[in-house]
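Two chains, two frames, a set of hints: combine them into the complex.
Heads up: the protein sequence lines correspond to chains A and B, in order.
Take 53 as the starting number for the first sequence in the working numbering and just add one per residue.
Take 3 as the starting number for the second sequence in the working numbering and just add one per residue.
In case anyone wonders, no lab produced these hints; they're calculated from the structure.
Warning: the hint list may mix true and false statements.
[Claimed, not checked] Partial list, derived from the structure: chain B residues whose beta carbon lies under 10 Å from chain A:
| id | residue |
| --- | --- |
| 1 | R13 |
| 2 | L17 |
| 3 | A23 |
| 4 | A26 |
| 5 | P27 |
| 6 | V34 |
| 7 | A42 |
| 8 | H44 |
| 9 | A88 |
[As the list claims (entries may be wrong)] Looking from chain B toward chain A, a few residues come up when the C-beta cut is under 7 Å (computed):
| id | residue |
| --- | --- |
| 10 | D14 |
| 11 | G18 |
| 12 | R22 |
| 13 | L25 |
| 14 | R38 |
| 15 | R40 |
| 16 | L60 |
| 17 | V61 |
[As the list claims (entries may be wrong)] To list a few chain B residues with every Cβ distance to chain A over 10 Å, as calculated:
| id | residue |
| --- | --- |
| 18 | G19 |
| 19 | M20 |
| 20 | N30 |
| 21 | I37 |
| 22 | M41 |
| 23 | Q58 |
| 24 | A65 |
| 25 | T80 |
| 26 | Q81 |
| 27 | S86 |
| 28 | V87 |
| 29 | E90 |
| 30 | D100 |
| 31 | S107 |
C-beta: ideal position from N, C-alpha, C; glycine also.
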Amino acid sequence: MIGVDEAALAARAAAGDSDAFGDLVALHGPMARRVALSLLEDRQDADDAAQEGFLSAWLAIGRYDARRAFRPWLMQIVVNAARDLRRRRRVRTTDSLDHVVTAARDDPARDAGAADLGESLRAALATLPERQRLAVVLFDAEGYPQAEIATMLGIPEGTVKSDVFHGRRALRKVLESVKEEWDE
Amino acid sequence: MSDLSPDWASRDEELGGMLRAALAPHHNGAFVTRIRARMAAHQPAWQDELARWFWQGLVAASAAIVVAGWAWTQSATTQQADASVAIELLDGTRPGADVILASYSVER
Numbered sequence: 053m054i055g056v057d058e059a060a061l062a063a064r065a066a067a068g069d070s071d072a073f074g075d076l077v078a079l080h081g082p083m084a085r086r087v088a089l090s091l092l093e094d095r096q097d098a099d100d101a102a103q104e105g106f107l108s109a110w111l112a113i114g115r116y117d118a119r120r121a122f123r124p125w126l127m128q129i130v131v132n133a134a135r136d137l138r139r140r141r142r143v144r145t146t147d148s149l150d151h152v153v154t155a156a157r158d159d160p161a162r163d164a165g166a167a168d169l170g171e172s173l174r175a176a177l178a179t180l181p182e183r184q185r186l187a188v189v190l191f192d193a194e195g196y197p198q199a200e201i202a203t204m205l206g207i208p209e210g211t212v213k214s215d216v217f218h219g220r221r222a223l224r225k226v227l228e229s230v231k232e233e234w235d236e
Numbered sequence: 003m004s005d006l007s008p009d010w011a012s013r014d015e016e017l018g019g020m021l022r023a024a025l026a027p028h029h030n031g032a033f034v035t036r037i038r039a040r041m042a043a044h045q046p047a048w049q050d051e052l053a054r055w056f057w058q059g060l061v062a063a064s065a066a067i068v069v070a071g072w073a074w075t076q077s078a079t080t081q082q083a084d085a086s087v088a089i090e091l092l093d094g095t096r097p098g099a100d101v102i103l104a105s106y107s108v109e110r
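Next up, chain B with everything else stripped away, as it sits in the complex (with noise of 0.2 Å):
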């Protein structure tokens, strides 16, 4: 504490011992387990957003799947029907077989 310029930039190593040593806290140890255990009950704002997001995520998530297998359901559906179809008339045991073959052959 021999310079009291205010322009001086150097730390006073003596006073700043002096007040590390005067405000020194007590037990460490609890109080870093006091907050280790109350952010246990609190967590970070964006882990909330993540995990609201994940929820809407799964709904989404959930929608597209099934609109995804109706999709295919629907599809796979009219993929037989046709099958069926063509092979009644192939098998000609359709009546009136002969005639869509034919009229199919002629617009050929």
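With the rest of the complex left out, here is chain A (with noise of 0.2 Å):
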């Protein structure tokens, strides 16, 4: 998918070209799976919503304006999916992770390092509240600018600047835990 132009398959997409949404979905499916993960913390369940985000999409493509951006115009929609998938299945958590975010929320210091990086991530990015997860990962993950991820969320561009902040120390914190797990 290098070398893709998105525009050209945006546009085609929009005017019903099923195959060049299976394009969109090739090249976005990581991303979006990544961004509902993050807020899910089941990869099942944020399967299940990149997926449905992804069909809602495609339902709605002819209310995609092909003159603007295509990708924050999706995440947005796989963002809202994976919210209502998360209220939904609220109660329901993950075997895998549930040792490790139990451990992360009494004291992220202390039990990060037991996990490997990826399980601690995972798991400290599941304490943080869903907003600060997703201005962190939609930021510093999948590169969108701070005034996207506001009008994405709603929410003021000081309010993202502010939930980065407070989501990356967080993270930090885990991370140097698990650091000096790796040192002694």
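Listed below in structure tokens is the structure:
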């Protein structure tokens, strides 16, 4: 998918070309699934949410303005799908992360080193408020401008900056504890 | 992650990379295939709308064709009737044709 003309694909998709939309799914699938996982903490739930998001986007493709960027439009739909699923499955937690999340909530710096870095990071993310997770992941991991994140989440840009700051601080605490574990 | 100022607008590349790795999904091909399959079963709203308008349009066009055909047939029948009366008058085969032609010429 390197060198793909996303704008051209989006314009074709907007005209009802399902193959073009399929190419956009292949292009943005990993990002959508990462963002959904940051909210839902469970890979199956994340994939379900991303899938619902893509399908909703496909069904609403007639409302997409092809003169505007496709990625933020799509990501807003995926985030909404993940939030909906999160609300519906709030009681459900993942077995694999339960112990780490609980430990991180009690004392992020103590138990994080027991798990690998990826698991620790996911667990640390799970301790953050939903908005902070999204702000950090969308900004630092996915490269969205803060103004675009603000529009996507319906919050002021200053709030995004603040959420990124607090989210980073919490994640750094966990990462430092993991590094300390490795150094010992 | 060296600068934690809330106003700092640059991405933290190191943290971003670690987050992408931690959240990396598996089997993107299977995911895409699953969505393509579901897309085939679900058409966008505008296509549904188009399909609905297509059938309504087809019904309207059919009705218009029937009406136009009926009007054309009626018109052709009238013209044919007018022509046959004129021929009969000119041939003189119709009884009283000479009287009718005479009165027509007087009116002119």
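Hint by hint, here is what the structure shows:
1. R13: At about 5 Å, which falls below the 10 Å cut-off, the nearest Cβ of chain A leaves the hint on R13 (chain B) intact, so it holds.
2. L17: holds, 5 Å
3. A23: holds, 6 Å
4. A26: holds, 7 Å
5. P27: holds, 4 Å
6. V34: This interface hint holds because 5 Å falls under the 10 Å limit.
7. A42: holds, 7 Å
8. H44: holds, 6 Å
9. A88: violated, 59 Å
10. D14: holds, 5 Å
11. G18: holds, 4 Å
12. R22: holds, 5 Å
13. L25: Holds, because the Cβ-Cβ distance from L25 (chain B) to chain A comes to roughly 4 Å (cut-off 7 Å).
14. R38: holds, 5 Å
15. R40: holds, 6 Å
16. L60: violated, 20 Å
17. V61: violated, 23 Å
18. G19: Violated, because the least Cβ-Cβ distance between G19 (chain B) and chain A comes to about 8 Å, which does not exceed 10 Å.
19. M20: Violated, since 6 Å does not exceed 10 Å.
20. N30: Violated: least Cβ distance 5 Å, not greater than 10 Å.
21. I37: violated, 5 Å
22. M41: violated, 5 Å
23. Q58: holds, 18 Å
24. A65: holds, 28 Å
25. T80: holds, 48 Å
26. Q81: holds, 48 Å
27. S86: holds, 56 Å
28. V87: holds, 59 Å
29. E90: Nearest chain A Cβ is 63 Å from E90 (chain B), so the label holds.
30. D100: Its Cβ never comes within 10 Å of chain A, the nearest being 73 Å, so this holds.
31. S107: holds, 70 Å
Hints 9, 16, 17, 18, 19, 20, 21, 22 from the list above are not met by this structure, while the remaining hints are.
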